[in-house]
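Number of protein chains: 4
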Amino acid sequence: MTILITGFEPFGGESLNPAHEAVNRLKDKLEYHDVVKRTLPVVFHVALEALDAHIKSVSPDIIICVGQAGGRAGISIERVGINIDDARIPDNQNQAPVDQPINPNGPAAYFSNLPIKAITAAITEAGIPASVSNTAGTYVCNHVLYGLMDLIHQKYPHVKGGFIHVPFLPSQAVKSPNAPSMHLDDIIKALEIAALTSCEIDGDIVESAGTIC
Amino acid sequence: MTILITGFEPFGGESLNPAHEAVNRLKDKLEYHDVVKRTLPVVFHVALEALDAHIKSVSPDIIICVGQAGGRAGISIERVGINIDDARIPDNQNQAPVDQPINPNGPAAYFSNLPIKAITAAITEAGIPASVSNTAGTYVCNHVLYGLMDLIHQKYPHVKGGFIHVPFLPSQAVKSPNAPSMHLDDIIKALEIAALTSCEIDGDIVESAGTIC
Amino acid sequence: MTILITGFEPFGGESLNPAHEAVNRLKDKLEYHDVVKRTLPVVFHVALEALDAHIKSVSPDIIICVGQAGGRAGISIERVGINIDDARIPDNQNQAPVDQPINPNGPAAYFSNLPIKAITAAITEAGIPASVSNTAGTYVCNHVLYGLMDLIHQKYPHVKGGFIHVPFLPSQAVKSPNAPSMHLDDIIKALEIAALTSCEIDGDIVESAGTIC
Amino acid sequence: MTILITGFEPFGGESLNPAHEAVNRLKDKLEYHDVVKRTLPVVFHVALEALDAHIKSVSPDIIICVGQAGGRAGISIERVGINIDDARIPDNQNQAPVDQPINPNGPAAYFSNLPIKAITAAITEAGIPASVSNTAGTYVCNHVLYGLMDLIHQKYPHVKGGFIHVPFLPSQAVKSPNAPSMHLDDIIKALEIAALTSCEIDGDIVESAGTIC
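Residue numbers (this note's numbering), protein chains in the order written: chain Z, 1 to 213; chain F, 1001 to 1213; chain D, 2001 to 2213; chain P, 3001 to 3213.
Please keep in mind that the hints were generated in silico from the structure rather than gathered at the bench.
Wrong hints could be hidden among the right ones.
What the hints assert, rightly or not - Cut-off 25 Å, straight-line C-alpha distance, at most; resulting in silico cross-link-like pairs (SDA-like, lysine to any residue): (1) LYS175/Z to ILE2089/D; (2) LYS3155/P to PRO2107/D; (3) LYS189/Z to GLY3071/P; (4) LYS2056/D to VAL2159/D; (5) LYS3027/P to LYS175/Z; (6) LYS175/Z to LEU3184/P; (7) LYS1189/F to GLY2127/D.
What the hints assert, rightly or not - Away from chain F, derived, C-beta distances all over 10 Å, residues of chain Z: (8) ASN24; (9) LYS27; (10) TYR32; (11) HIS33; (12) ASP61; (13) GLY71; (14) ARG79; (15) ASN94; (16) GLN95; (17) SER176; (18) LEU196.
Where is the CB? At the ideal position from N, CA and C, for every residue including glycine.
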């Protein structure tokens, strides 16, 4: 199988992005699967055009987009992308849409069709904190998750795709030492597990990972 | 106008539910609007049948369902309900669905059509912490939000509806004194503001309330 | 008995101080005890001179100093003041001492001699979140706690005294709606309970309120 | 110089202790300094007898005791130990003292005489989150910090000593994936930096690391 995995440029005043750092260091082969790594701009809509171009040229079976979730302590496997842009800070081209649909003709949301429960279980099993997340926010990360699933739905129906949020690196968290962070090696290991699990599992396991609110 | 506002029974080992306590104490008239108060069972699907029956008998213009969000510090105005039940704890009839759609024929999500930004701004203006939330979880609260919007979409297209999460009461938070809570009077005031704002605002204001992730 | 209870001026960019607001609204009589209320400046050393002058003029049996602990969710009954000033932000006269002893000839710390466990239990019993705290920080609040106990030790050996931290008011927390806060009425009730318990209890109850770290 | 560095046994239901794991993996030589590693029991008073025996046999110039601080995100350099035991959970010999002095004849507290500000700055400089902490709790960690400084004060006046709290390892945090954790390699690196900085710095740097409360 071919796995396309994307990171993001730095944004929000950070000089690096843990998603980019981790994705870039992934091996090109995971067992007998090919791993193709790309970086997306943190720009509404432009990120999706870049993603679509990568899908066209790579023809992946699995797509995992990865973004930074400053403030979260573990790996977040995102369940759902919603059809809204609501930017608290401008993107890297200074756009800050408020309550704009990503696709005015699209549904309100798409669920990831990765095996999110199996991925969460496998990362946890490896000793790395992970959980299913029910919100990818309303910024470029959610935008890319929604847009990815919209592309899959409309143009690439045999592809499985989804989004994973990763914590700050320790070097980013030193500015506010109560902020949680994760070592780059553990982020890389978690992404490898996510990619392999996505190749191996058909459907998903049935295991509660719900939240009360 | 007529406003139907619902609370919930206690659940999860609590002996009271702040949503029920607050809803029950609302006045029957807010300015010249009628306020009709009901309590829903914390039971998947049964809650929605009860809600539909209340809508039929009350014929409201506005519906606000209110639930407890233990651990949150402020009033949460929910933006979106997603088409999934994933119960971390059993409901009050001992059901614990995992990754079941609420409506197998429904869309992945519905957005609330209340003026969520205007409500958030008005509660904040009154000195009570409030924010837009992008996840109502995957338990009975999200179930009711999704189901309410599904009912509105299918049977009551002229109704505006949505969901508001409220913090623990102080008396619930004493068990874990670092858990945030809110005074019952402030919860009541916030719900009154939400109801009035829903009556008064057509559409919504444009004000960023996004989250990065 | 006579209880001297002090609040503080606003500081750190806030336009009010919940300690001042609550102390000011206390009744002048609690049962048959006299309550004398004063406000201290948020200024290293000057606060202690003001406190000593108040003690001289009021001749209290009990002294409770009250300060704002932004970010804490419950009432904090402080256990200990330490002999150090380490200011992260300047005080209201623009002093910002770093690692200076409060009293160069004093011990490293003083324990409060209020019945901190009984106070915590009584506030909790009343349905208001409260806990014993093992650090009052290193700013003017800790300065006043240490200085108060130093005064008691040296000049007023029959007085019982200590320090209570109170959360933000809701109107302060609206700026960051995930910050916990407490209703003014509950802060006032907690301080009344603290004052009465201090009058009534000799020694303290034995009840674990420890923290692992 | 000779550095004695101690970890702790597991406690509180954990099957490992990050302090023990990290201390055990330290090199025996840091530059030209000797590093002697020992593990202390999580038992009030017994831990101090073991510590005193180690000091006698090792004759260190620097002593750094290291403990687990579950829930903290960064390395905590402790400023002060207080003369109180207040156990929320029993120790490993089932003792759970409440409000007992560690040394009935000792002062209320001792400050660490390690260069805590320089250590914090050096660890941060290396890209690892660290901060000065003003409370080591009231359990065995604080007990050992207070007891260590009491020993230094009474018997080993030329020794510099103190306490460092380290976060959960990721494998401990998987149980509650919102709990922060730190990679073992970063904990080890931080302890090496702390040890070397303690050897190299006389006195401490002047840099604010205070907390408001």
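So, going through the hints one by one against the coordinates:
1. LYS175/Z to ILE2089/D: Distance ~16 Å between LYS175/Z and ILE2089/D Cα, so the pair holds.
2. LYS3155/P to PRO2107/D: holds, 19 Å
3. LYS189/Z to GLY3071/P: Roughly 23 Å separates the two Cα atoms, so the pair holds.
4. LYS2056/D to VAL2159/D: holds, 12 Å
5. LYS3027/P to LYS175/Z: At roughly 29 Å apart (the allowed maximum being 25 Å), LYS175/Z and LYS3027/P break the hint.
6. LYS175/Z to LEU3184/P: Holds. LYS175/Z to LEU3184/P sits at ~21 Å (cutoff 25 Å).
7. LYS1189/F to GLY2127/D: holds, 20 Å
8. ASN24: Holds, since 20 Å exceeds 10 Å.
9. LYS27: holds, 27 Å
10. TYR32: holds, 30 Å
11. HIS33: holds, 26 Å
12. ASP61: holds, 23 Å
13. GLY71: Incorrect as stated: the minimum Cβ-Cβ distance to chain F is 8 Å, not above 10 Å.
14. ARG79: violated, 7 Å
15. ASN94: holds, 14 Å
16. GLN95: Label holds. Min Cβ-Cβ 12 Å, cutoff 10 Å.
17. SER176: For SER176/Z, whose nearest Cβ neighbour in chain F is about 15 Å away, the distance exceeds 10 Å, so it holds.
18. LEU196: With a cut-off of 10 Å, LEU196/Z remains clear of chain F, as the shortest Cβ separation is near 22 Å.
In terms of the numbered hints stated before, the structure departs from hints 5, 13, 14, listed from lowest to highest.
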